[in-house]
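Asks: Quick note on this note's numbering: the sequence shown kicks off at 1 and runs consecutively.
For the record, the hints were derived by calculation from the structure and aren't laboratory data.
Note that the structure is predicted; figures quoted are calculated from it, not measured.
You may find that some hints are simply not true.
Unchecked claim - Taking lysine-lysine pairs in the BS3-like style, the calculated list, with each CA pair at most 27 Å apart, reads: (1) Lys52 to Lys19; (2) Lys56 to Lys19; (3) Lys19 to Lys67; (4) Lys67 to Lys56.
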Amino acid sequence: MHLNAFSPEDLLNRADELKITDIEQWYLSELLEQNSKECILFKEEAFSQLVKLGIKYEIDPAMFWEKFYNFLNESTTQPRVVAVSFVIEFENYMLD
1 MHLNAFSPED
11 LLNRADELKI
21 TDIEQWYLSE
31 LLEQNSKECI
41 LFKEEAFSQL
51 VKLGIKYEID
61 PAMFWEKFYN
71 FLNESTTQPR
81 VVAVSFVIEF
91 ENYMLD
């Protein structure tokens, strides 16, 4: 297990401990519905940044994760653990 990296299930199960907000939990529940095919891990701060992006651009969570998975599949790096640097790449991709 990667240090400080969580699966979406871990994040949701530890929502109180990690101080995950209601809107982040909403994004997580949508992610879990779409995440059945592959298990991706998130650095806690990277997940938080991702949700902030979705909120900033007012993207419906289901559509947001669809865009995220499209980017993930197109990415040359395809990380197993999503870090903040990957989130920055994703934001640039969304702005193009």
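Asks: Output the indices of the hints that this structure fails to meet, ascending.
Replies: none
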